[in-house]
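A.B. asks: Take a look at the letters that make up each chain.
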Amino acid sequence: MKRLPPPAPIGLLPWLRSRLFDGPASSLATVLILLAAAWLLPGALRWAVSGAVWSADAEACRQAAGACWGMVAEKYRPILFGRYPYEAQWRPLCATALLLAAIVFSLLAPALTRRKPGLRLWPWLGAAWVLAPAGFLLLMGGGAFGLAAVPTELWGGLPLTLLLATAGIATAFPLALLVALGRSGPLPAVRALCAVYVETVRSIPLVPALFLASFLIPLLVPPRLSADVLLRVQVAITLFAAAYLAEAIRGALASVPDGQRQAAAALGLGWWGTQRHILLPQALRAAAPSIANSFVNLFKDTSLVVVVGLYELTGSLELALSGDPQWRSYHLEGYLFIGAIYWLGCYALSRASRRLEFSPRA
Amino acid sequence: MSAARTGRAAWLLQIALFAALAAGAWWLAGTAAEEMRARGIRSGFDFFAQPAGFWISEGVFEFDPAESYLKAFAAGLANTLRVALPAIAAALLLGTLVGIGRLARNPLLRGLCTAYVETLRNIPLLLQLFTWYYLLTAMLPPAAEAIELLPHVFLGSGGLALPWVADGGLSLPQRGGFAITGGAHLSPEYLALFIGLTGYTAAYIAESVRGGLQSVSAGQRQAAAALGLTPRQTLRLVTLPQALPMLVPPLANQSLNLLKNSSLAVAIGYPELVSIANTTLNQTGRAVECIAVVLAVYLLLCAVGIAIAHALESRLRHWERA
Numbered sequence: 001m002k003r004l005p006p007p008a009p010i011g012l013l014p015w016l017r018s019r020l021f022d023g024p025a026s027s028l029a030t031v032l033i034l035l036a037a038a039w040l041l042p043g044a045l046r047w048a049v050s051g052a053v054w055s056a057d058a059e060a061c062r063q064a065a066g067a068c069w070g071m072v073a074e075k076y077r078p079i080l081f082g083r084y085p086y087e088a089q090w091r092p093l094c095a096t097a098l099l100l101a102a103i104v105f106s107l108l109a110p111a112l113t114r115r116k117p118g119l120r121l122w123p124w125l126g127a128a129w130v131l132a133p134a135g136f137l138l139l140m141g142g143g144a145f146g147l148a149a150v151p152t153e154l155w156g157g158l159p160l161t162l163l164l165a166t167a168g169i170a171t172a173f174p175l176a177l178l179v180a181l182g183r184s185g186p187l188p189a190v191r192a193l194c195a196v197y198v199e200t201v202r203s204i205p206l207v208p209a210l211f212l213a214s215f216l217i218p219l220l221v222p223p224r225l226s227a228d229v230l231l232r233v234q235v236a237i238t239l240f241a242a243a244y245l246a247e248a249i250r251g252a253l254a255s256v257p258d259g260q261r262q263a264a265a266a267l268g269l270g271w272w273g274t275q276r277h278i279l280l281p282q283a284l285r286a287a288a289p290s291i292a293n294s295f296v297n298l299f300k301d302t303s304l305v306v307v308v309g310l311y312e313l314t315g316s317l318e319l320a321l322s323g324d325p326q327w328r329s330y331h332l333e334g335y336l337f338i339g340a341i342y343w344l345g346c347y348a349l350s351r352a353s354r355r356l357e358f359s360p361r362a
Numbered sequence: 001m002s003a004a005r006t007g008r009a010a011w012l013l014q015i016a017l018f019a020a021l022a023a024g025a026w027w028l029a030g031t032a033a034e035e036m037r038a039r040g041i042r043s044g045f046d047f048f049a050q051p052a053g054f055w056i057s058e059g060v061f062e063f064d065p066a067e068s069y070l071k072a073f074a075a076g077l078a079n080t081l082r083v084a085l086p087a088i089a090a091a092l093l094l095g096t097l098v099g100i101g102r103l104a105r106n107p108l109l110r111g112l113c114t115a116y117v118e119t120l121r122n123i124p125l126l127l128q129l130f131t132w133y134y135l136l137t138a139m140l141p142p143a144a145e146a147i148e149l150l151p152h153v154f155l156g157s158g159g160l161a162l163p164w165v166a167d168g169g170l171s172l173p174q175r176g177g178f179a180i181t182g183g184a185h186l187s188p189e190y191l192a193l194f195i196g197l198t199g200y201t202a203a204y205i206a207e208s209v210r211g212g213l214q215s216v217s218a219g220q221r222q223a224a225a226a227l228g229l230t231p232r233q234t235l236r237l238v239t240l241p242q243a244l245p246m247l248v249p250p251l252a253n254q255s256l257n258l259l260k261n262s263s264l265a266v267a268i269g270y271p272e273l274v275s276i277a278n279t280t281l282n283q284t285g286r287a288v289e290c291i292a293v294v295l296a297v298y299l300l301l302c303a304v305g306i307a308i309a310h311a312l313e314s315r316l317r318h319w320e321r322a
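Chains as they are written, first to last, in the UniProt record's numbering: chain A, 1 to 362; chain B, 1 to 322.
Simulated from the structure, these hints should not be mistaken for laboratory data. Just so it is clear, CB atoms sit at the ideal spot from N, CA and C, and this is done for glycine as well. Hints are not guaranteed to be accurate.
Said to hold, decoys possible - Derived Cβ-Cβ restraints for the label pairs, each shown as a range:
1) B/Arg-39 to A/Ala-44: 48 to 58 angstroms
2) A/Leu-138 to B/Arg-317: 50 to 60 angstroms
3) A/Arg-191 to B/Val-165: 44 to 54 angstroms
4) A/Leu-45 to B/Ser-157: 22 to 32 angstroms
Input sequences plus hints: build the corresponding full structure.
C.D. replies: This is the structure we're talking about:
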């Protein structure tokens, strides 16, 4: 005898019941979540919205029961631009906008090409990535075209975060590609070398690595070449991220079926040709989620440079608030503000990668 | 080109590569030694026997400033494990629950778990640690007015006091005029680090658990349903046992990430290994030696962790087959 499945619930109430009160465990979870929401949400809303002060008025903030968003209105410039000279802060603003425009353009490029299949964006992307970094460095550093020179020690806030992240990605990715190829290649000595590098770096935390870079590199290079602290930290971040990236790419290379390699050999392709035309295109597509993950981690890890005295977003917030008795007690608002910035950046990166993952051809 | 000739060329290439690396390392070491001599920086590990001269505010064992730097590093390592091991256990528990909740039929529960994962994974851990530390120190009442969460469990800006075994009996914290006496005391630095590491890593573990559960084929679940198993029995008897061996490598990875991330303690002042090394480095100027010790310890800890994970994985695979 054939039994029919139970009828699907029709109407809002039965549907809700089948979803929210489906058995004792589910009912308990629903009740607990609703109770917690009823207990926490009104207070949270009172603090963040109705009881909050929105204008930069320290006196009103002291008397208010809620959040002091006025702190952000008062302090957004030192938070976003750190110790950069106040009257020249239009320069980091323009530099940030330039770099962000290039990033957004690159993230949207796959969607654009899909909408218009004939569109050739590569020349435009290339031009954007030559012009944006050059313009960024020129605007930030100055020293030409009548712009006063600003030493890298004074760079800070959001432009520094973006610089460390984009330069990190741009330098770590090619290095990771080479290391992954070396580790899966035919030369045993190169394989061992790449393996030692990847496994060592993956076993150590970034904080001591940053300390090492800022103490050791000045000893290693002759004083006349002495790299400034920004460059040293960038080297550490790049070497660090490249190891994780290389591991992601290597895993994907190993997951390409062996038949692909044999077919490439049968077609007469050499080792490099096989990697370039057959294995890498498949591996990079398979590794897209973990590569995006590494990029997101790199973006978040830039916050750690505060331990060696660089004031990116997190550091410049501390710098802006700790020294100012009037606004010192509104750290929480500041943490939420820059937390939202980080969250947006990470979310945009992972969303863009998800689109890449599902696209029929990257 | 014959295979033999390719082989010889490859070997020559590799030997040349190693020679170049060795020469580079030799040159760098030479410059570093010269530079250190020029700046009057002394090197060597002899300072480890000297008295440290600083206090360590909390730890597994008492530390006296008259004791050696070596002992201080040991206290730092003990403090690293003191926060990392409980946090790993808590993160595995919380992450597994959230990961299962991400697949729940109940949309409220699913939404809550999704929001948890998406929020915590996308904000830097350092910022989360700062936030927890600020909440625990600036937002809580001072010790004299500490909140009594449970009988004899006090939470205030000075940290958490809870009953603990001492002198063969149970020592209960008591509220005094200015401070809380008795019981065990956990500092706000420890608490912020514990909560921050647990919450952050649990979000990653939840994603691994969700992926592992989803990778068990749908046919298995359908077969379990056909046998009349309830959803909970299916999870316990069919899905989890098959997902567990697959989950060991990613969960071990996340646990080791937590261990490594405990080094962020240096930013909020919890005296673990990296903080101690940082203090020592500033006092003695032996930067390279201090950092080398830290890196060696982490390499060792990670090697041990990986070995444990391998043993666990093979054990679980046998269990699955049995």
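A.B. asks: Are the hints correct? Go through all of them and say.
C.D. replies: Each hint tested on the structure:
1. B/Arg-39 to A/Ala-44: 48 to 58 angstroms: holds, 54 angstroms
2. A/Leu-138 to B/Arg-317: 50 to 60 angstroms: Since the Cβ atoms of A/Leu-138 and B/Arg-317 sit about 58 angstroms apart, the hinted range of 50 to 60 angstroms holds.
3. A/Arg-191 to B/Val-165: 44 to 54 angstroms: Holds, at about 53 angstroms.
4. A/Leu-45 to B/Ser-157: 22 to 32 angstroms: Distance hint for A/Leu-45, B/Ser-157 holds at roughly 26 angstroms.
The structure agrees with every numbered hint stated previously.
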